Amino acid sequence: MTLQEIRNEYLRTGTVLELPRLKELLETLEGPNRLLCRRLILFGEGRPDFSDSESVDLAMRRNSRLLMSRLTDLTLRQ
Amino acid sequence: MDLRFHTGHFFLAIKDEFVVKAERIDVAPDGFILDGGDLKIAASDLTHSWKISPTQILPLSLLNERTRIGGAILDMELCMKRFHAETKQDAFVLSDSPVIFGAASLALTVISDRTSDDVDFAISSDFLRWRREKWSSLGITQTETLPFSIFAYCGNWRSRATVVSGLEGTTFRLMHPVDTVMQKLLRIKSDECKFEHKDKRDIELVMETLSPSHDMLVALLTENPLRYQEPVVEPGRRGREALAQHSSMKENTIWFLERFLPGLTYDEICKRALNQIVAPIDSMPALSLHQTLPELAKIIEADRADL
Chain A
0 MTLQEIRNEY
10 LRTGTVLELP
20 RLKELLETLE
30 GPNRLLCRRL
40 ILFGEGRPDF
50 SDSESVDLAM
60 RRNSRLLMSR
70 LTDLTLRQ
Chain B
0 MDLRFHTGHF
10 FLAIKDEFVV
20 KAERIDVAPD
30 GFILDGGDLK
40 IAASDLTHSW
50 KISPTQILPL
60 SLLNERTRIG
70 GAILDMELCM
80 KRFHAETKQD
90 AFVLSDSPVI
100 FGAASLALTV
110 ISDRTSDDVD
120 FAISSDFLRW
130 RREKWSSLGI
140 TQTETLPFSI
150 FAYCGNWRSR
160 ATVVSGLEGT
170 TFRLMHPVDT
180 VMQKLLRIKS
190 DECKFEHKDK
200 RDIELVMETL
210 SPSHDMLVAL
220 LTENPLRYQE
230 PVVEPGRRGR
240 EALAQHSSMK
250 ENTIWFLERF
260 LPGLTYDEIC
270 KRALNQIVAP
280 IDSMPALSLH
290 QTLPELAKII
300 EADRADL
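As given, the protein sequences belong to chains A and B, one line each in that order. Count the first sequence with numbering that gives the first Met the number 0 and you get residues 0 to 77, in order. Count the second sequence with numbering that gives the first Met the number 0 and you get residues 0 to 306, in order.
Note that these hints are calculated values from the structure, not bench results. Predicted model, so just to flag it, every value in this text is computed and none were measured. Incorrect hints may have been included.
As the list claims (entries may be wrong) - Mimicking SDA-like on lysine to any residue, the simulated pairs with C-alpha atoms at most 25 angstroms apart in a straight line are: (1) LYS270/B - ALA151/B; (2) LYS14/B - GLY45/A; (3) LYS14/B - LYS22/A; (4) LYS22/A - ASP29/B; (5) LYS14/B - PRO28/B.
Claimed, not checked - Here are a few chain B residues that face chain A, going by a calculated C-beta distance under 8 angstroms: (6) ASP1; (7) THR6; (8) ILE24; (9) PRO28; (10) GLY30; (11) ILE32; (12) GLY35; (13) ASP37; (14) LYS39; (15) HIS47; (16) TRP49; (17) LYS50; (18) MET215; (19) VAL217; (20) TYR265.
To be verified - Take a look, some chain B residues computed to stay more than 10 angstroms from chain A by CB distance: (21) LEU45; (22) GLU229; (23) LYS270.
By construction, the Cβ of each residue, glycine as well, lies at the ideal position given by its N, Cα and C atoms.
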């Protein structure tokens with residue numbers, strides 16, 4: 000899986016896949032990809048850094064999707 | 000598009016144990032903030048949410064009984080929080096926390112498949128007055144609130160009550176099933192035939208599950224002599240109610256005696272109860288939950304852990 004695919008999977012399910020591989024990958028990355036990889040590792044370890052605005056944004060997008068995935072809209076049945 | 004907040008009419012199930020109502024849900028990095036901060040829930044705790052229109056109700060068939068009771072408990076906790084914020088008073092003093100009684104107390108202990116349309120709470124009078132005037136409940140389960148005086152004719156129920164904790168950490172007292180039985184025997188006859196249709200079955204199930212001894216039942220029935228005192232006949236509605244209450248209690252107790260203590264008459268029970276008025280208090284039979292009903296204690300402990 001690519002870094003973007005792992006990110007998308009996190010947004011979809013809330014789970015960070017391939018965490019050991021991400022840790023190995025971290026050393027080889029640079030720039031925004033390295034930052035994203037680091038964020039995903041921290042999410043995967045259950046200790047996200049909410050002083051980082053990008054982490055906050057990622058978590059909020061994830062929670063917004065989670066809310067929608069658990070929602071049953073009963074108004075549509077009327 | 001990922002929305003940062005949602006408005007409308009929502010019900011949210013938390014860990015499938017509690018259900019809360021919200022009209023605004025703000026998405027936060029670590030979960031959801033409901034109605035501007037009244038309650039915050041962790042994202043992983045959200046197990047389901049339903050959106051309804053203002054004229055719709057959430058079908059109760061979507062929830063299990065335990066969730067409904069949890070919803071009523073949480074409703075009470077949020078109400079206490081609001082009461083404290085508005086009046087600067089606590090909803091209860093430490094030793095007098097709200098009591099869950101009636102069918103819900105049985106559903107949380109010995110009759111796990113027991114279902115009920117409402118959850119009964121006894122709460123302090125000040126809080127009760129405020130709640131009736133100011134609080135609009137969550138709307139999941141009908142919550143019946145009454146003052147502690149509802150137990151005026153019960154025995155030493157306080158010493159046998161156990162505790163459950165709500166989602167917000169409030170401690171509620173849970174009436175012991177045997178005391179719920181004693182309380183059900185006070186059911187007034189005109190009360191929609193509830194004694195015939197619901198209470199008798201509940202009482203039989205509690206008796207079957209716990210098998211309390213003959214002596215324990217006699218002790219429970221005779222603990223409070225006030226129960227058997229003939230009411231003073233006063234003119235008006237209150238006098239009629241007192242007479243009807245006494246007459247119903249007598250009829251229900253006679254049924255109970257015939258069913259579970261054959262050989263003992265109502266008059267004999269009255270005599271024993273009234274004799275205890277002059278008996279020294281230490282001669283009253285001890286009915287400690289853990290000493291007399293170990294099996295039930297285990298069940299209650301398990302329920303406490305779950306909650």
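Consistency of the hints with the structure:
1. The hinted pair formed by LYS270/B and ALA151/B meets the criterion: a straight-line CA distance of about 19 angstroms does not exceed 25 angstroms.
2. Among the hinted pairs, LYS14/B with GLY45/A is consistent with the structure: their alpha-carbon atoms are about 19 angstroms apart, no more than 25 angstroms.
3. As the CA atoms of LYS14/B and LYS22/A are separated by approximately 32 angstroms, the hinted pair breaks the 25 angstroms bound.
4. For the hint pairing LYS22/A with ASP29/B, the CA-to-CA distance comes to about 23 angstroms; that is within 25 angstroms, so the pair holds.
5. A C-alpha spacing of about 19 angstroms is found between LYS14/B and PRO28/B, which places the hinted pair at or below 25 angstroms, so the restraint holds.
6. With a least beta-carbon distance of about 4 angstroms to chain A, the hint placing ASP1/B at the interface is held under the 8 angstroms criterion.
7. At a threshold of 8 angstroms, the smallest CB-CB gap from THR6/B to chain A is about 13 angstroms, leaving the interface hint violated.
8. Using the Cβ-Cβ criterion of 8 angstroms, the hint placing ILE24/B at the interface with chain A is satisfied: the shortest such distance is roughly 7 angstroms.
9. Because the beta carbon of PRO28/B sits about 4 angstroms from the nearest beta carbon in chain A, less than 8 angstroms, this interface hint is met.
10. Residue-level restraint check for GLY30/B holds (minimum Cβ-Cβ distance to chain A is 7 angstroms; threshold 8 angstroms).
11. Nearest Cβ of chain A to the Cβ of ILE32/B: about 11 angstroms, over the 8 angstroms cut. The hint is violated.
12. The closest approach between the C-beta of GLY35/B and any C-beta of chain A is roughly 17 angstroms, which is over the 8 angstroms cut-off, so the hint fails.
13. This hint is violated: ASP37/B has a C-beta 17 angstroms from the nearest C-beta of chain A, more than the 8 angstroms allowed.
14. Nearest Cβ of chain A to the Cβ of LYS39/B: about 12 angstroms, over the 8 angstroms cut. The hint is violated.
15. Evaluation of the HIS47/B hint against chain A yields a held restraint, the C-beta minimum of about 5 angstroms falling below 8 angstroms.
16. Of the supplied interface hints, the one on TRP49/B holds, with its beta-carbon coming within about 5 angstroms of a beta-carbon of chain A, less than 8 angstroms.
17. With a cut of 8 angstroms, the hint placing LYS50/B at the interface with chain A holds, because the nearest CB-to-CB distance is about 5 angstroms.
18. A least Cβ separation of about 48 angstroms between MET215/B and chain A goes past the 8 angstroms threshold, and the interface hint is therefore violated.
19. Against a cut-off of 8 angstroms between C-beta atoms, the interface hint on VAL217/B is violated, since the closest Cβ of chain A lies about 52 angstroms away.
20. At about 52 angstroms, the closest approach between the beta carbon of TYR265/B and any beta carbon in chain A exceeds 8 angstroms, and the interface hint on this residue is violated.
21. A beta-carbon of chain A is positioned within 10 angstroms of the beta-carbon of LEU45/B; the least distance is around 6 angstroms.
22. For GLU229/B, the requirement that its beta carbon stay farther than 10 angstroms from each beta carbon of chain A is met, with the minimum near 54 angstroms.
23. Even its closest Cβ contact with chain A, about 59 angstroms, leaves LYS270/B beyond 10 angstroms, as expected for a residue assigned away from the interface.
Taken one by one, the earlier hints fail for this structure at numbers 3, 7, 11, 12, 13, 14, 18, 19, 20, 21, listed in ascending order.
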